[in-house]
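Trainee: Please model the complete structure; the sequences and the hints are all you need to start from.
Heads up: the sequence lines are chains A and B, in that order.
Under numbering that gives the first Met the number 0, think of the first position of the first sequence as 0, with each following residue one higher.
Under numbering that gives the first Met the number 0, think of the first position of the second sequence as 0, with each following residue one higher.
These are computed hints drawn from the structure, not numbers from a lab.
Treat the hints loosely; a few may be bogus.
[As the list claims (entries may be wrong)] Here are the simulated DSSO-like pairs of lysine-lysine, each with C-alpha atoms no more than 27 angstroms apart in a straight line:
#1 A:Lys78 to B:Lys5
#2 B:Lys8 to A:Lys112
#3 B:Lys5 to B:Lys115
Remember, predicted model here, so these are calculated numbers, not experimental data.
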Amino acid sequence: MEEATIKLVNVNKHYGHGRGLVYALQDINFSAHPGELTLILGPSGSGKSTFLTIAGGLRQPSSGRVMLAGKDISKLNNKERDQLRLNRVGFVLQSYNLLPYLNVDEQFELVRKVKPNGNLTDDELTELLEELGIADLRSQYPDQLSGGQNQRVAIARALYTNPDIVLADEPTAALDSARVVVVGKELQRLADQRHKTVIVVTHDLRLKEHADRIYHINDGKLSREK
Amino acid sequence: MFLALKEIKHEKLRYSLVIGMIVLIAYLILMLLGLMQGLGNENTAAVESWGTKQVMLDKNANVSMNQSLIKKDEAQDLTKHEALVGQVPIVMKGINHGQKQSMQYFGLDDSQYLLKNKIQLVSGRKPRNDHELILDESLKEKGYRLGQQVKLNSLTTKFKVVGFAKNAKFNIAPLAIGSLNTWQALKGTGPQFVASGIWADQKVSNSRQNKLAHYDVKKFIKKLPGYTAQNTTFEFMIGFLLMISLIVIAIFLYILTMQKEAQYAVLRAQGIPAGFIVWSIIAQSVILMVSGVIVATLLAVGTSLAMPSTVPFMIIWPQTMLLDLALLIVGIVGSLLPVRMILKIDPVDALQ
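Mentor: Written out as structure tokens, the structure is:
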């Protein structure tokens, strides 16, 4: 098995002090590898989002170590963490992460303004958009797209920087079952064919059939199902 | 700049309203500036357009032309850069129509530089005797014509209008320019007084005309009755309006940024540097301010062209451009308030 691109070692995260102390994550040991789709399942308030923010380098753990793309994030400053996320991590968020005043093409142009090199080529982008079935929507604005189309644009945008790691937060929220299957297959294909490390946090059990590994998170504790 | 332009282009109505607000504020400030400059010009048009550098008055006149009277022996032989000026406020009345006009009368000597070289005639000619006058061109709009007979104060003599001159205004009143003899009659002084003061178009050393007080033209203008109070009032109004603009623009940009906080959190989560977003906000502010100020300036110019010349409104470009620049700076400073918010955005919010 290839070396893990995300590794959490004895990670704890707590908020507040004294009587108000809340443990969001407790003694988490986790690793994710290229070519795998990992599903983190859990109800609201279980610590899913905290897990994703720590795994994605958005937040520091209270204790423990987080290795992201081979780098210990506790040793990086804010700017270096920004660079790491921009270059190595693609986020697919529940809110589709698209700017409402940019059309599909301009969503990619924005990324190019910030990161001019190392992105997908025009041909690769066209191929990706065709794979996702949104190649003919390039001049459309988010409010002209359906929820499923928006989510696929968000996936394309996350992949445009050619990241090693794709982190998805509730990517199927508000999608009907047919669209859940489409998005699930896309995420699975990212792992299988594009060799990305894909981690999805969700409470949507319909995604289980697409996952290579499944974890459950409850009260901040992680347990493996598959 | 990319995000700023794209957003403005996409959200046309929202940003048109913001630009509209900036236009109204900038237009109001520019109109006030125009009025300030117009009134200032009516105070000083004659002094400045005639290239006056120094004014010499009676030492006891407290820098007031109106209070100054100089005797024959106080005025030494004048050089070609010095001229006697006799000033007195008057009321002029046309013979053929009863409209009374409050004015300033300037008595000048036709052999001295002011009447010889500085009066800018727009029609007619210069006076050849004591019964002829030149009027400020603004009086044409009030029905005065070349050849018209007028009366001054309670003098029984009739005066003939023989010319109209531009920039013939002093202390917010149009000028009637005639002879020093007529000035003596209007002022009611004896022949021992030759004028109110001496004006010079270059610096005069203190050893010359040493029986008179010498004033730099800037000090003379500042001491014109009401001039400083009027300018200070306008300056305060413009200053306060600039401060109000700063607050209004900052609040608008703050609210607009607050509405987009979630979008910025997403961008931050994706690794887009805060600096990129900050520059977008500043660029947006610059675009909005430049657009608003350009439209407001064009409106002010249009208004000045449409206004009757009786309204004291004037656009002096260096000051106007300076005010436009100040508005632009106010906009940029206003955009720094939301910048603080951007720097505080936690990318984690994107996942909440």
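Trainee: All hints, please: hold or fail.
Mentor: Structure-based check of each hint:
Annotation: proposed proximity of Lys78 (chain A) to Lys5 (chain B) holds, straight-line Cα distance about 26 angstroms (limit 27 angstroms). Restraint check for Lys8 (chain B) and Lys112 (chain A): the C-alpha separation of about 18 angstroms stays at or below 27 angstroms, so the hint holds. Pair hint Lys5 (chain B) plus Lys115 (chain B) does not hold up; C-alpha atoms about 62 angstroms apart against a cutoff of 27 angstroms.
Violated hint: 3 only; the structure is consistent with all others.
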